[in-house]
Structure formats: C-alpha cells, structure tokens
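Given chain A's structure and the hints, the job is docking chain B onto it.
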Amino acid sequence: MSQSDTRRNLGLALLGSEITIVFRRRRNQAMLLALAAVPILIAVAVRLSSNTSGRGPAFLASISENGLFVALTALTVSIPLFLPLTVGVVAGDTIAGEANLGTLRYLLISPAGRLRLLLVKYAGAAAFCLAATAIVVIAGVAIGAALFPVRPVTLLSGDTIDGAEYAVRCLLLIAYVSMSMLGLSAIGLFLSTLTTVPVGAMAATIVLSAASQILDVLPQLAWLHPWLFSHYWLGIADLLTSPISFDSFQSNALLQLGYIAVFGTLAYGRFATKDVLS
Amino acid sequence: MTDGALAIETHGLTKRFGSQLAVNQLDIAVPSGSVFGFLGPNGSGKTTTIRMLLGLASATSGEIRMLGSAMPQSLQSVLPRVGALVEGPAIYPFLSGRANLARLDSADRFASSRTRTARVDAALDRVGLTHAARKKAHAYSLGMKQRLGIANALLTPRDLLILDEPTNGLDPQGTREMRNLIRSLAAEGTTVFVSSHLLAEIEQTCSHVAVMSAGRLVAQGTLDDLRAEGVTRVEVRTPDLDLAREVLARWGLQSQPGPIDSSLTAALTTSVPVEQLSEALVIAGVRLRGFTAEGASLEDRFVALTGEGFDVAE
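Protein chains in written order, with the UniProt record's numbering: chain A, 1 to 278; chain B, 1 to 314.
Just chain A, with the same shape it has in the complex (with noise of 0.2 Å):
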C-alpha cells in the first residue's frame, strides 16, 4: 500500500503541465495572437499607405525600403504596452488563477511542495515571455517578408549585415526583450501571492509596469531610474550597431536578476506560511 518505497523522481512533470496549460490556456491564446497581429497590422498599415513621411515609432520609415525593419518597429510598439500587459496578466494568474479555482489546495496537497510551485509557476510565465516576444519578432520577419523587399539590412552604426547576421540579431532582440520582462514576471508572482483574485494580481502589474514606465521620463527622478525595471526596456537599439555594444544587455540583466530575487524571495517569504482557504 505504502508509496514510501517508491523513489521520489524529479518532478519535471508539474513543470511540463504548468508550461502546456500557460500555452493551452484560450486566454493566452488569444494574446499571443493578439501580439502577432502587432507586426501584421503595422506592416499591412506602411505597405497600403504611400506617405512614408511624417513621425511614428522608431524604424518605421525604414520598413518600406526594406520588410526586416518590420520585426524592430512591432518590438518598440509593442514593449511599453502590449508586451507587460500580456505578461502581467499570465503572472498575476499564477498563483492567484489557482486559488480561485481551488486547485491551489489540491496542488498543495498531492503534494507539490511550496516553493516547488511556486518555481514551477515561475517558469511558466518566463516561458510566456518568451514565446511572447518571440512571436512579435517572428510575425514581423515573415509579413515583412511577404509584403516589402528584403536586402541587406543596414544597421545603426552605418554598416550592413546578411541575412545570417540578420537572423543572430534577431535572436538576441528575443532573448533582451523577453529578459525584460522577467523582472515584471517576478513582480505579478509576488502579487499573486497575496490574492485569491486573479483580476486584482494582474491589475496591480500591468499598473506597475505603467508607473515604472512614468517614473522613468521624469527628469526630477533622475536618481531613481536606474532601478526602475523598465530602464532598459527600450535598450535594444544597442544590438543593432556593430560591433554590438552588450552594454544595455549586461546592466538589464543584472536589475531583472536582482527583481526576480528580491521579488522571489518575497513571494516565497509570503507563500510558505500562507493558510490556504480558498
């Protein structure tokens, strides 16, 4: 009867479920469609109009000339807004979505162990972010593929990389962007912690993410913007010269580590003792 004798075994199993749910969700889904239409509807908006003048996002006057700048116009749109409300909503679910489903105490109790959980719930949402910002970068290469010309791009610096360099850059805008977000996951997974109600965690972030984002343009908070999260959100135009300067993806990557520890340690500090009642 007993299961003591049976070995204990990894437990990748949770982390496997946890990753198909986050991607079977209807919900999420429907944002990550909703983010790939970013780059569509951009591309679709340059190719119909023939005025290219006047302003707009960053690289938007170059997408006409050549489809790959398609890709960076959709990140910049896409990285103050769309991106941390996508990611605010998956993290601020995390715990909270299993609590007011009551599925948190089923879990607590098979057992999954806490801080396993809470980890595992993590990783989940850094998968989010991943797949996030991948499918804006995607989206882009492929319907500025189809609609405009493509040629070798011409970088920040002045000069010009091949598709093979090309396709390195855009690898690494994936990787900065979705590193981005990471600090932000581990905010939402903290919040999350504190609610039953999953509307409320994920509020709370997307509101973060906005308030980091005000706090930074304000020139009195000088001192402050340093540490605010969303510092370097906008720093991949550094990937784009050549060489390319790693310097806005070494400082980003130390604050995001230093948000998932503080913030990590937090939501552990809270979720360990917490009585679950839902």
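Just so you know, the hints here were simulated from the structure itself, not pulled from any lab data.
Do not take every clue at face value.
[Stated by the list, open to error] Chain B side only, calculated, beta carbon under 10 Å to chain A, not exhaustive:
1. Leu-21
2. Gly-55
3. Arg-116
[As the list claims (entries may be wrong)] What the simulated footprint calls covered on chain B by chain A, stretch by stretch (three residues with Cβ under 8 Å from a Cβ of chain A suffice, anywhere in the stretch; the number is not a length):
4. 90 to 98
5. 102 to 109
6. 123 to 134
[Stated by the list, open to error] In silico DMTMM-like links for lysine to aspartate or glutamate, alpha-carbon gap of 25 Å or less:
7. A:Lys-274 / B:Glu-177
8. A:Lys-274 / B:Glu-87
9. A:Lys-274 / B:Glu-9
10. B:Lys-135 / B:Glu-87
11. B:Lys-136 / B:Glu-177
12. B:Lys-136 / B:Asp-125
13. B:Lys-136 / B:Glu-87
Owing to the predicted nature of the structure, the values given are computational and were not obtained by experimental measurement.
C-beta atoms are modelled at their ideal positions from N, C-alpha and C, and glycine is treated no differently.
This is chain B only, laid out in the frame that chain A set:
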C-alpha cells in the same frame, strides 16, 4: 500498519482567526483501518481541522501526527499516502476530466509518469466517469465534479483518505456508490476519515465517530458507544412481570406497562448501563422474551450534543 496504531492523532490542536477560536484544544484519535465519521454543524471547525491536518493552514498551537509522522514536518513524505477531498472538488474548467486528473497527479513527485494514464483511467472508472473523461470539465454537473474530486483522491493507492462532505451533490445512485466505495476501500485496509452532516450516511458507513461543536470536540468513540450513551428507554418482554418490575426498581427505574400485555417499559437515567441492566434481569431469573434498548437516533444524539438552534455558530 500495526493494529491499534492511530492514522490521525491530534493533541490540543487549536486554530485562532483573529479573536475567534475556530478550533479549540482538539484531541482526536483515528484508529488505523477505521471508517471515522467527523460530525458537526456548519461552522463548527470541521473543515479548518482538515486544512490543518493536510498542511494547508498552520495550527496556532497543538500537535498533529498522521500515519505515524509529525505534521506538518513530514508533509512531503506523508501526503503522497493521503488522498483528500477538501471543501468540495476544484477543477480546471478548460481541461477535460482526464487532463484535470493528470495535472494534479503530476504535482505528486512519488507518482510515476509512466503509469499516469493507466492510473487516471482506473480512478475515472472507479467513480463512473469513464464516459465523460474527454469532456471539458466546465460542462460537468455538480455531481460529476464531485466524482472527479473523489477520483483525484484515488489516483494512487492510499493509506488514508480524508473526505470532506463526499456525498455533496451526488444523486441517490452516486450516494450509494460512494457508500460502497468507502466500504470497499476500508476493506482493503485504507483508513477513511469522512466529515459530513448527513447523519444517515455516517450511521451506515462509519465504525467510529467524533462530534464537533463550536470548535470543540464534544464526543468521540465507536458508533456503538455514541449510540449507547443515547439510550433513553428499555422495553422488557417477559411473563415474569412482577419480578422484572422489582429488578428495575432496584436500579431506581420506574416502570410502566408496555405496548403489549406481557411487557414493561422504563425510562433510563444516564447512570444505568443497559448491558448491566439486562444482566441483572437474567441473574434474577426473569425469563426474557425480549429486551430492547430504544436508542435515541444519531440525529437526536447529535442535536443533544451540538444544540438545537438553527443559527450558524459565530
């Protein structure tokens, strides 16, 4: 498991929410292999107790031992041997019944991934959900969700099952199946701890009972003990009416003529054990045609122990 061991044991278990004592100095002892009924009105602290047993909530003070290990210290090694249904089933509405079970099973690190599909199917079969296994769980009825919750408790062989209101929402067939299921699990050696306020259910399935009221334990023992305490009248059928009346009088009992000619009934005072009374009658040479202890029903006992009022305790 050795006989006489306790599957669940608490000492002075207390849970305080703010100024309110939800569970107050609870000492329960659930013998291994028993079907243990945990009774109490709404709000008497049953579910809070179960949450503490399972490590979902921490105790304010007191000790818990489950399957021989101290809780919550041994949570990770004990819980895989415990199946539970706590405060109703919980489902992922966007997953099928089968996927729901696979998800919760994957959280258990002792559960083998290789046998998962087979175990999930066996659990679904055991609760009669095989035909609805592929259906999304949001389309399940209340009773089907309840069955799914029970299936989750049965995913691996368990030494202890903790079932909070297992027959909630079940149809008469489901209720009956539930009873049979509990009996068959008990026959396999699983200790079953059932909380309920359906007294008829408890009377039919349980060997032991504990009754809670307003956070305190007010009675605990075998079902027979509890019923015996509640005996209110005896009826004696005998041709030797005079002798019987004399014996009863010796115990301080006032007897009246019974429902048929050659019978007597007497109201019992609480201090008279029924078995000693029957012994005394036989020793005195009363030829018995019948001796009946009319127990109060479990319901009467329950109300006597927990109070009459309809209002939920604060």
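Here is how each hint holds up against the structure:
no. : hint                  : verdict
1   : Leu-21                : violated, 15 Å
2   : Gly-55                : holds, 7 Å
3   : Arg-116               : holds, 8 Å
4   : 90 to 98              : holds (count 6)
5   : 102 to 109            : holds (count 8)
6   : 123 to 134            : violated (count 0)
7   : A:Lys-274 / B:Glu-177 : violated, 36 Å
8   : A:Lys-274 / B:Glu-87  : holds, 18 Å
9   : A:Lys-274 / B:Glu-9   : holds, 23 Å
10  : B:Lys-135 / B:Glu-87  : holds, 23 Å
11  : B:Lys-136 / B:Glu-177 : holds, 23 Å
12  : B:Lys-136 / B:Asp-125 : holds, 17 Å
13  : B:Lys-136 / B:Glu-87  : holds, 22 Å
The structure fails to meet hints 1, 6, 7 from the earlier list, while all remaining hints are met.
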